[in-house]
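Spelled out from the first residue to the last, the chains are:
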Amino acid sequence: MYTIESAGLSDTGKIRKDNEDTLLVDDDMGLYVVADGMGGHRAGEVASQLVVNSIRDYIQSCYKDKAAAPSGLADHTLSPAANLILKGIILSNEVVHEAAKNNDDYHGMGSTVAVLYINDGTLVAANVGDSPIFLIHKGQIDTLSVMHTVVAEHKAANPEGADQIGAEYNHVLTRAMGTETTVEANICEVPFFIDDRLVISSDGLTDLVSPAEILATVIGHPPKIACQNLVKMANDRGGTDNITVIALQVIKSGNRQTKLTNLLSRLSRILRQSLALKKDNGRRRGL
Amino acid sequence: MEDEEGYRMPILTLKFKKNKIADFPMQKGRSITIGRRSNNDIVIENLAVSGHHAKIDAIGDGFVLTDLQSKNGCFVNEQLVTSHWLKHGDVVNIGKHTLVFAYNDGESRPEEAGGQADQTIVMDTNLYRDMVNKNNTPTPASPAEKSQVIGVLSYLAGGEGEVTLTKKLTKIGKDAASDIVVSGIGVGQTAATISIRPNGFYLSHVGGFFKARVNNEAIKDSILLKEFDVIELGSTKLQFFTKD
Numbered sequence: 004m005y006t007i008e009s010a011g012l013s014d015t016g017k018i019r020k021d022n023e024d025t026l027l028v029d030d031d032m033g034l035y036v037v038a039d040g041m042g043g044h045r046a047g048e049v050a051s052q053l054v055v056n057s058i059r060d061y062i063q064s065c066y067k068d069k070a071a072a073p074s075g076l077a078d079h080t081l082s083p084a085a086n087l088i089l090k091g092i093i094l095s096n097e098v099v100h101e102a103a104k105n106n107d108d109y110h111g112m113g114s115t116v117a118v119l120y121i122n123d124g125t126l127v128a129a130n131v132g133d134s135p136i137f138l139i140h141k142g143q144i145d146t147l148s149v150m151h152t153v154v155a156e157h158k159a160a161n162p163e164g165a166d167q168i169g170a171e172y173n174h175v176l177t178r179a180m181g182t183e184t185t186v187e188a189n190i191c192e193v194p195f196f197i198d199d200r201l202v203i204s205s206d207g208l209t210d211l212v213s214p215a216e217i218l219a220t221v222i223g224h225p226p227k228i229a230c231q232n233l234v235k236m237a238n239d240r241g242g243t244d245n246i247t248v249i250a251l252q253v254i255k256s257g258n259r260q261t262k263l264t265n266l267l268s269r270l271s272r273i274l275r276q277s278l279a280l281k282k283d284n285g286r287r288r289g290l
Numbered sequence: 072m073e074d075e076e077g078y079r080m081p082i083l084t085l086k087f088k089k090n091k092i093a094d095f096p097m098q099k100g101r102s103i104t105i106g107r108r109s110n111n112d113i114v115i116e117n118l119a120v121s122g123h124h125a126k127i128d129a130i131g132d133g134f135v136l137t138d139l140q141s142k143n144g145c146f147v148n149e150q151l152v153t154s155h156w157l158k159h160g161d162v163v164n165i166g167k168h169t170l171v172f173a174y175n176d177g178e179s180r181p182e183e184a185g186g187q188a189d190q191t192i193v194m195d196t197n198l199y200r201d202m203v204n205k206n207n208t209p210t211p212a213s214p215a216e217k218s219q220v221i222g223v224l225s226y227l228a229g230g231e232g233e234v235t236l237t238k239k240l241t242k243i244g245k246d247a248a249s250d251i252v253v254s255g256i257g258v259g260q261t262a263a264t265i266s267i268r269p270n271g272f273y274l275s276h277v278g279g280f281f282k283a284r285v286n287n288e289a290i291k292d293s294i295l296l297k298e299f300d301v302i303e304l305g306s307t308k309l310q311f312f313t314k315d
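Chains as they are written, first to last, in the working numbering: chain A, 4 to 290; chain B, 72 to 315.
Just so you know, these hints were derived from the structure itself, not from any lab. No experiment lies behind these values; they were computed from the predicted model shown. Take the hints with a grain of salt, since some may be wrong.
[Stated by the list, open to error] No more than 25 Å apart at the CA atoms, straight line, and that leaves these computed lysine-lysine pairs for DSS-like:
hint	chain 1	residue 1	chain 2	residue 2
1	B	297	B	308
2	A	104	B	308
3	B	308	B	238
4	B	297	B	314
5	A	141	B	142
6	A	141	B	314
7	A	255	B	242
8	A	158	B	314
9	B	242	A	141
10	A	255	B	291
11	B	142	B	86
12	B	297	A	158
One chain only, chain B, in its complex shape (with noise of 0.2 Å):
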């Protein structure tokens, strides 16, 4: 078996106790779904088998199993994993059915373990996709992962209602321009602004004779802010927080 690049693939062969089922041939780049449904690319019809169990992908020159959360897992030479490299030898146990991932002899194979693991490759997306699905509880951490986590100001005085940081910088100050707009005696026209950094919204002082205060304390630079920080400046009084 060669793909279109020469390079040549390795074989799964599917066996149900001594008997040898049939041979599925591996294709770089593309990824292989076993499991009991119909719609996968190798349909092992038993119970013991979820409906989509197992996928295998192509990731550079190597092949990674992964167990879609499967009911009864899978096992690679008798021990449980959930995602694993295969190398060539290895037997995937899904159920009471075996798969033997082997290349032939003479082929080329990628380096095994130690050799892929330093190699940086970039990931099918699906791949990716399935393993984070597998984690049931997303927490999300850092603001700047997909922007789960909306920083929101709330006027407490000078204003009224919110004012939710879409951008990544926002203004603050005399400006007519600033985002929000602030008046007061010794306000800078950019007095402060907001940034979204990966771990969190910081506040920075940008200029002016009165500096913005956080929680009473004049901010001279920089600070993180925590949920329902009270951000001062001028005649205005906003506080902070977050939601999803």
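Same shape as in the complex, but just chain A (with noise of 0.2 Å):
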């Protein structure tokens, strides 16, 4: 058995006047997400959070009422608990459209999601945008999210390529939460292992801070402490968007001397229940 110990931190940064970013650790469900929001006059803040309320008051529904899961949408080639994040995201994108759609102040406003969701021994990790998710195992740092941007994108299709298109694209995203009436989330669904690290930020980090660095700081330092290193490395170097990081780490529950106090008592009361029956056959023999 797992435990999440799990901890999460959002941050101004050093030039931006507000923060755009939300976030949700929510251990009871499992649930953790980060969204990046963008849109001039606080409507990005607004992007951002509505994202986040409205995936988290979905699966808070669907949690406490199996019944209000997806059923009849659903993508046979993915699991319940993987259907019911990819609900929650084209959900909370049309939540968003129409608030843009219908409030002269936030018209063309959007925000990035990246979601976390740890359910019965499988994670699924989905993300529109490019807020990434890492996966830590084994001293190793591996990306779950796909990022939605001009030059990742380009990159894939034509790696040689990739250096011709300018930095000015570095921020230019190929989809966004709340911009379309509909959105394609990348999604995927992995099994994991004690120990094991997961990471999600908003870009204000990545920017600044390379997996590598991710990958050293989370490994050395309980989640808390990582979270509260990360903002700072970024700050550090300049702070130039709003940082936001969660880190969670895979703890195994109920410690192995329990366990083996437990086998140990097993085998002996196994033990002793055969030498009683020996001493038994042996006093019947002996009659």
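Both chains are sitting in their own frames, so use the hints and assemble them into the complex.
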């Protein structure tokens, strides 16, 4: 069995006036979300909060009432847990899109989203936009998210030609939450193991801190300290954007010793029983 | 020129040598195509100009000029460009024609260069598609990209034919509900899974006395599958490969 130790931290950074990132850490549901909003006049903040709240509310309603879970439109290549997250993202996109359409102040707002859902021994990772999700397993860091940016998609299509794209495209997304009526999220499902670590962040971290540095930081520290160190690192290097980090660590629950004691007591009970049986037999034979 | 939100928009002035031919006001959220064919927004009837030569997209508060792989290219301020954020006073040369991009005095302008770059924006899908299409060598690098790469398991023993890995998480085990049912003593109900991750296909151990073996090595946790890896579990033997 496992438990998840978690921590999350969001910081405005050194340049921006507002923090347009929103995060959610909910150990009870096993739901962890980072959203990075965009759009002027605080609309980005509104968008990222709408994304996080609507996903949380949807998962919560399904969590309490299993009947509310998606059935009809489910993608059969995905598990029920993954379908739940996908549906949550689709609904959330509609919520943000509607809000943007119906309120002049919010016109054109949008957000990224990166979700981790840990349920029943598997882990669902889903994302839209450029907020990354990392899985750290046995000293290696790997991304579970797919970056929906012009640069990343260009690189995927043509690894050699990636340099042709100028730095001005660094923050140009190809998808976001709320900017169109529908959205397609990247999703993956993976098993996880004791001592694995997971990191979700906004690009305010990854623009300034490399995956190798994230790896070194989370391996050396418990989640809470890792988050503080990562945010500090990004701020020390200029803090050009809002910085949000969630760090998780999979920990073995119910320590080894109790398990071993249980096993030993069971074994000795069996031994005692069989010995008693032998004695009994011997006694009978002796009679 | 004002759009519905009250922002003032720049103007493109088409010139041939020193003579002004026409003014084209730009609009927020609207693309403009430039070329020789009549279905362009700005038609330049000159053989030095390609049928569909270039386009200008409105992205956020700014405008981006993209060359559509034209024969003679696009020049901005005498520099050859493939894509370029237009600034006030930029002079675009297409063939022998000139387009001048300018805001009127006192118009609100987007912050130039640096200001534009650190703001996250969402790209117009058409512009993006054009950019990707310009790359003629689509080597699918990751299965997640529109899943061009499909993982396949081919039975070497314990079954016949192939299994295509369509699910994000494929379950292998004794349980009849598994995607790949494997019999044998000590094989877990769900013994192993294969998940599709952005950078490839991962086989992971889940449970059971005997662990799945990849190329004769028992997998305790997770491994990235390589082309033609052999997976063994119970009486079943499968070979992994990918196809486009």
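Comparing the hints with the structure gives:
no.	hint	in the structure
1	B:297 / B:308	holds (16 Å)
2	A:104 / B:308	violated (55 Å)
3	B:308 / B:238	holds (20 Å)
4	B:297 / B:314	holds (13 Å)
5	A:141 / B:142	violated (52 Å)
6	A:141 / B:314	violated (29 Å)
7	A:255 / B:242	holds (24 Å)
8	A:158 / B:314	holds (20 Å)
9	B:242 / A:141	holds (23 Å)
10	A:255 / B:291	holds (16 Å)
11	B:142 / B:86	holds (20 Å)
12	B:297 / A:158	holds (22 Å)
Figure legend: structure checked against the earlier numbered hints; hints not met, in rising order: 2, 5, 6.
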